[in-house]
Amino acid sequence: MTAIALRMTGADFLKLRRKRWLVLLSLFLTLGILVIVYLVTVIQHASNPGAHGPAGGTKNFSDGMRVLALFFGPLAAILIGVEAGTGDASAGVFRDLVVTGRSRLALFATRVPAALALCWTVILAGFALLLIGSIVFASNLPTPSTSLILNGLGFTLLATGVLCVIAVCFASFTTSRPGAIVTLIAWQVVASPLIASISSLGSARKGILSQAIIHFSPVSVEGRRGAQVAMSQGTALLVLIVWLVVFLALGAWRTRTMDA
Amino acid sequence: MPTPSNDPATSESPLAIETHGLTKRFGERTALDGIDLRVPRASAFGFLGPNGAGKTTIIRTLLGLTSANSGTMEVLGHPMPLEGAQALQRVGAIVEEPRFHMHLTGRENLRLIAAVRGPEVYDRIDPALARVGLSERAGEKVKSYSMGMRQRLGVARCLLADPLLLILDEPTNGLDPGGIQEFREMIRAMVEQEGRTVFISSHLLDEVERTCDAAAIVDRGKIITQGTIAELAGGGVARHELVLGVDDVERALGTLDVSELVLEAHRSDEGIRVVLAGEPDSAAAVNALLVNAGVGVARLEPVRHSLEQRFQRFLEITARLDEAPVDSPGSSTREEVRS
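Chains as they are written, first to last, in our numbering: chain A, 1 to 260; chain B, 261 to 599.
The set of hints was computed from the structure by calculation and includes no laboratory data. Each hint can be trusted.
Label-pair distances were calculated between CB atoms; the ranges are:
1. A:A186 to B:Q453: 56 to 62 Å
2. A:D259 to B:A449: 29 to 35 Å
3. B:P310 to A:T257: 30 to 36 Å
4. A:D259 to B:H526: 51 to 57 Å
5. A:A106 to B:T332: 22 to 28 Å
6. A:A186 to B:G434: 39 to 45 Å
7. B:A345 to A:L27: 35 to 41 Å
8. B:E400 to A:G202: 56 to 62 Å
9. A:D259 to B:P310: 22 to 28 Å
Derived contacts from chain B toward chain A, CB cut-off under 7 Å, selection only:
10. L323
11. L325
12. L348
13. Q349
14. R359
15. L364
Just so we're clear, the structure is a prediction, and the values are computed from it rather than from any experiment. Ideal Cβ positions, reconstructed from N, Cα and C, are used throughout, including at glycine.
From just these sequences and the hints, can you work out the full model?
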């Protein structure tokens, strides 16, 4: 990155991190939900250890990682990405950025790392809490291995990062904050699992983004988010790349050609 | 940032803005219809017209915010949009109302623009805030600013470009009378002391007349006329007129008709209306001429044409042109109106 690109990314990051509601909501989705889960399971375990196991350990770490990487993390990623994609246009300052003479593609391109920076910051906070909880509350259960922790971290960052980038691009394309949020969440939470569960669609389901992402999960998620579609690692990677390239192209094209 | 070879400041064009046949259509509607505009450098230029005349559209087109359907345009000597990046480095603009990220402070909003414009621009933030009188409030969120403060912050944002050309769209909207006066003085200082060009679109005739050196009048996407304020107020060339009250109208007219001091003299409701051949100070010579001819002069008053009078007349003319029949090219109505 050039110095100017770093400054522009820093400026975009400033816009995002100073949106109090966005940061608080994202932290709630990543940290807050985990805090609630730990509180409930710790209390349950304390009140009836026979019926409820400890809140920590490898299994709870895996469950928490699935929640973070595949449900609440993507929700936070979508909110952050959409805000990054539509913030300038909805505030009416996109035209003021355009009249600086700076390339519109550069204006679009710096949104992506800025959104990823905030997204991964809140995701890392959630992951850190998950890791600490799985060790502190493990009691007599085995704690997650270094390999699982690293693979889980990589998977969580991949799953949320891809969603975040696609949210930036889709929001830049639609320029509508509510429209982009509703569409992306509906696709991610409702449509994708539903389509993936329609077995008659066969290998066409390999094109579903969430199925390609799940392929990289270090723990089994079968039965959690629709039927998992078998595919090779190469295919999964190709699906991710195609989704990213298509959405990056759409977002860049729209930003370059729209009336400011 | 600009190198000496492509710095707009080195452009030799005497015009800050020049357009030829600029046309912009939105579907069936023609918003700009063959606009030919020439804005000289180091002047305050008014772009005057009623709401919906196409003022904002031409600004958006000039700045590359929307594309033109046909025609050519140059900004600071650079063809747009081909060399837009070079031209816009030294252009500051407020399009419609100034908009900001409301959740950020005034200073942070300027830092966003500085990040996009280049590292040297950061040093201009504090001077720009001081220039518009916002230094003390720069740390507050913009959502707490009044409309007038936002307008001033918008000007500060323009100043970050160290602009050779400022383009301001209805800049006095939301300003109180004191703010308007301050704004007017700031514009004049930018033009007269710093040699900047200021292009102001406005529907306020008085504002343009008081602030600008030259103006173009636009209506329904067409430029009706352009020139210096004096020329526009005088009807194409600077005209200096007098109203005379005399004791002998016939003798006065006879004297004035043969004088080289006078282009034209005729009766009017007020007495005699005289168009001077020279500058306004020749009114004293006219007075002496009449007195020497034995005419008693009870009243001698210069006529001040206001831009508003001319503007209203232009609008009436264009309305009549639109209503005049078009089937006969030599139609007397159209010829009369055109004349």
